[in-house]
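S.K.: Protein chains in written order, with our numbering: chain H, 17 to 392; chain S, 9 to 520; chain R, 25 to 337.
Keep in mind the hints are simulated off the structure, nothing from the lab. Careful, some of the hints might be misleading.
To be clear about the criterion: a stretch of chain H counts as covered by chain R if any three or more of its residues have a C-beta under 8 Å from a C-beta of chain R, and this derived list gives those stretches [claimed, not checked]:
no.	stretch
1	196-207
2	340-348
Here are the computed lysine to any residue pairs in the SDA-like style, where the Cα-Cα straight-line distance is at most 20 Å [unchecked claim]:
no.	chain 1	residue 1	chain 2	residue 2
3	S	Lys431	S	Lys455
4	H	Lys238	S	Lys339
5	H	Lys261	S	Glu318
6	S	Lys124	R	Phe192
Here the structure is a predicted model, which is why all the values come from computation and not from measurement. For glycine and all other residues, C-beta sits at the position ideal for the given N, C-alpha and C.
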Amino acid sequence: MKKFLKNDAVQSLIASLLCILMGLLIGYIVLLFINSAGAGNAILDVLKNFMKTSNPERRVRLLGATLVRTAPLLMCGLSVLFAYKVGLFNIGTAGQYVAGVCASLYAALAWGWGWLPCMLFAIVSGAVLGAIVGFLKAYRNVNEVISGIMLNWIALYTSNMILTLQKQEASHYTLKLKENAPQAILPSLGLDKLFNYDKVSIAIPLAILLAVAVYIVLNRTKFGYELRATGNNKNAAKYAGMAEKRNIILTLIISGGLAGIGGAMLYLTDIEQWSVTATSVPGMGFNGIAATFLGGLNPIGTIFSSFFIQHITDGGPNVDTNLYCAQISDLITAIIIYLCGFVLFLKTAMNRAIDRSAERKAQKEKALAAEKGGEK
Amino acid sequence: MEAPYAIEMLHITKRFPGIIANDDITLQLKKGEIHALLGENGAGKSTLMSVLFGLYQAEEGVIKKDGKEVQIRNPNDANDLGIGMVHQHFKLVECFSVLDNIILGIEPTKNGFLQKKEAREKVMALSEKYGLAVNPDALIEDITVGMQQRTEILKMLYRDNEILIFDEPTAVLTPQEIEELMQIMRNLAAEGKSILFISHKLAEIMAVADRCSVLRKGKYIGTVETKNTTMEQLSAMMVGRNVNFHVEKKPQHLGEVILDVDNISVASKVHKKDAVKNVSFKVRAGEIVCIAGIDGNGQTELVYGLSGLEPLKSGHITLKGQDITNASIRKRSTSGMSHIPEDRHKHGLVLDYPLEYNLILQRYFEPEFTDKAGFLKRGPIRSYADRLIEQYDVRSGQGAVTPARSMSGGNQQKAIIAREIDKDPDLLIAVQPTRGLDVGAIEYIHKQLVAQRDAGKAVLLVSLELDEVMDVPDRILVMYEGEIVGELDPKTTTQEELGLYMAGAKRNEVKA
Amino acid sequence: MLLLLQYTLIFASILTLVALGGCFSEHSGVINLGLEGIMVIGALGGALMMRNMPAGSPAFVIVLLTLLAAVVFGMAYSSLLAVACINFKADQTIVGTALNMLGTAAATVLVKAINTAADPNNHSATIEYVEQKKAFIHYFGSFEFNWFMVIAVVILVLAWMTLYKTKFGLRLMACGEHPQAADSVGINVYKMRWSGVLISGLLGGLGGICYILAGVSQWQFEYGVAGFGFLALAVMIFGQWKPWRIALAALLFGLFRALSNVYFGIGFLAALNIPGTVYNMMPYIVSLIVLALTSKKSRAPKAEGIPYDKGMR
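Excised from the complex, chain H in its bound form (with noise of 0.2 Å):
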């Protein structure tokens, strides 16, 4: 029992099931300020998404609306995991994911371009953005946060700009996929049907893959040998002569492609358009890290926790809007990463408890045995 809660999986698992509790409970607590009647209702709402509905069709059919979002946030979630196994903390994966939704959208609207070129179109300009993060940390030590808070205004200024000329005439959101460029839809592969909703793509399993692929990169890679090792002790990786600049630098446009392809996964299913008045970074990269970290650091983990949050997310708007907003998801969500800056300090504190109670049992026998050689 003691091995298995040392176990640092294990401990982030519990780490992350304390902070999701902690997130629902506070949720749950202002809820109640707001309106003490309703709150019990309102996160079960929140919680059980699809589920709320009786209609099996139709539970599938939002299950399915839920995974064509999961996609993008398991992306998203991946960039800032990526960059973060090397000590980076990639904030600027949402300018990244904006910039994959431009170049999928215009690529696809203006030259014609099939799924896959748009797709790839998308990785291209995630990463040249991410790129500019690591020249700037590794040779002009520049803050990568900041930089990146930065970049994701241009980038969500540079979209607005370059999406106005694929507009639809009437309104402010870009033209649909759909009548326009029906050749850039990302296939389905049968999954519609399935689901019996036309927006759920290939985009959904190869979101999946790619979260394989970024673990076998981190666990199975001389590449991912020196990333991991450089983000746990940059000495002992300069000490074994690993390239620390050259590293940040295809760290994070690796970083920034991944968020790219999050882009091109939700806007080429033409589930919406882009608004080109946009005046706020979609929170899709900021959910990310949200993801990230509630997923333990862990790739494998980022898919479960992206669900999570994506599922509570859909479901915000099952609240009774009588009462509450669907916003109280997203106020989740935050709580929930605000905790998660707790989860060393939780370990800590789990590894000392672990320790000092097998401190005492071992005392508690070492008394026993003394008393039991008296008897003799």
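Since the structure of chain H is already known, use the hints to place chains S and R on it.
M.R.: The following block gives chains S and R in isolation, referenced to the frame of chain H:
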């Protein structure tokens, strides 16, 4: 009658898990005297001072101030008793002025605003009285180490401290500055301040101290009046005469020059002088050369320069006839240099990696462990790790997959040694390879170093332990203040002689 | 042109306030990436106060109570950062980021709840303060003078005096530069860092209420403060953590930000026919370039970002 002692530490015993850091130590500091505290690294000087400052509580023994027993529970208690200390690493805020650093913590104010004029007057008066020349408006980062130290002294005087402790104060000073410092210490003592002077340097102790207490391996050896003793005597008290173990070596077969260090200098990170000054030496195949010296005399920086962790300011390094002055760390490693680093946690290991991954830290990129597509070959890595674990007797809870963090210090060090030796290097640099290890592990490591020498490799050992310095190498180079001040033959020299070189009291010309 | 001046001054005031807040926090040794969230919560506090003020209240009372509310909200919110980063040694980056997200989410939820409670059909996250806003504004001809311009200058002078002329400032900066040195002379590092973070909450809150009073008379809380907190951090870095330089940097950034509001009113800029979004991007691009040029030799407080542990000496 007034008590003759300003501070007395009587029969102090402080234990840590596994060791007794201070074993029944008595230290009596007379009013107005300069009292030296002498001892090797690990003799227990810092622990004793930490007890005096309330950082640790002694298990046994009492502390008396002016003859009355006192309790010192934290540094503030020590401050209240008028005890002040100049730490070896100055506690000064770099971007503050000298004056601001002096008044920090006891600032004179009026309505919440700083009254620097008053403070400046007091500081200038003190500076005048004791001959402590400082520019109160200069920033710490712009002034010399000597002036920084004078700032630290003024900090104590500004607080009206009566008992002044100097922890290795000359380590970072130039000879002229040392001369000045000694004069200042004499002035302070003449004005009635009691001074405790912690040092390794015999010449300085002889020059400035009235009495000297010696510690060795946590035990109190004795207190002598400096005017009735000699440096040789002090040296003998410091190092003792007991040789613990002896290393068997085969007759030497000297080969070609492997490492040729030509006139190199390395900048210091902590002060403005160079940490390594124009050092030249050669290491040949089949010999162990030891760089001996007291901690902080440039050995660390020398190794950083050799291994590529820090750039050289000047000079050249040649490895097997190949110029590696500007080569990358990786290039040096693949050209045949192995490096057992001084700090195994900072440089030597990735603590969160399993043992097997740490064992390939210098070779993971080789075709043996990484295939053409860039994937790690897990099978070969595991069997390689298992072989090293077996061959070098690295013990760990779960074998190859044990996290390095959970291994004992001795086995962590064995793992590093296995890794570095198994690379089959032409040159092995080992920096304090036995630090903090038990006797068994020490013996094992010495055997490994000698085995490398006997196999015709060049070994450069950097050590602070006198026993190790006397036993393991074929040649000793003594480093003092960034320079090589002497070359000794361990077979003909004595520990006393070595101590004199290490303390800067003697030097000879070294042929490069 | 007058309009450009007016917007430049008001944006510069906001940036000065918030950047000074960041400056206090960082001088104590804590990187405050949560300024954006603190601004939102400060703005929320002020806006709620204005909303609940009777229409006929005297201007002075409105201003005072609004500022007070913003300050209290900002400080209370910043204590979330302090407790996590100082007492629990949490990662300052994660917590700061969480506070930014939490600020917008909490404000939205709260405002919507309040609006819905007042009028079941109102599901917006908007607070209006048309009448109350007038208390902050004074017209000199066509120049719209905002009291925050004065407040910013006063705070600037106060900040400078606090940092460089008082015991508190000296101790604060010692904690950000060399906490071990501060500790060795009996200064309570934890207490000083708490003070630094709370002051950043105070100034961030002020900056937040100032932001939503600049130009508009209602605020939609879903939108946050559009990266202004981060712009302020860039201003702080460009200003090298020194109050007067921060003010100058804020003027420069304020000018670029103002251009996006008024470029179409300025003859030659309008004639260039550059899309408005380019002006929107300007402050961010400028700050990125400025950071690239100045970060290499930045004089950030040496111990910032490193949790202080009394046991590690």
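S.K.: With reference to the structure, classify each hint as holding or not holding.
M.R.: Hints, verified against the model:
As drawn, the stretch 196-207 of chain H meets chain R at 0 residues by the rule of a beta-carbon pair under 8 Å; below three, the given contact is violated. Figure legend: the stretch 340-348 of chain H, annotated as covered by chain R; annotation consistent (6 residues with Cβ-Cβ distances under 8 Å, at least 3 required). With a C-alpha separation of about 17 Å, the suggested pair lysine 431 of chain S and lysine 455 of chain S falls inside the 20 Å cut-off, and the hint holds. Restraint check for lysine 238 of chain H and lysine 339 of chain S: satisfied, since their Cα atoms lie roughly 18 Å apart, inside the 20 Å limit.
A hinted pair counts as satisfied when its Cα atoms are at most 20 Å apart, and lysine 261 of chain H with glutamate 318 of chain S qualifies at roughly 16 Å. Restraint check: the Cα-Cα separation between lysine 124 of chain S and phenylalanine 192 of chain R comes to about 14 Å, which is no more than 20 Å; the hinted pair holds.
The structure does not agree with numbered hint 1 stated previously, though it agrees with all others.
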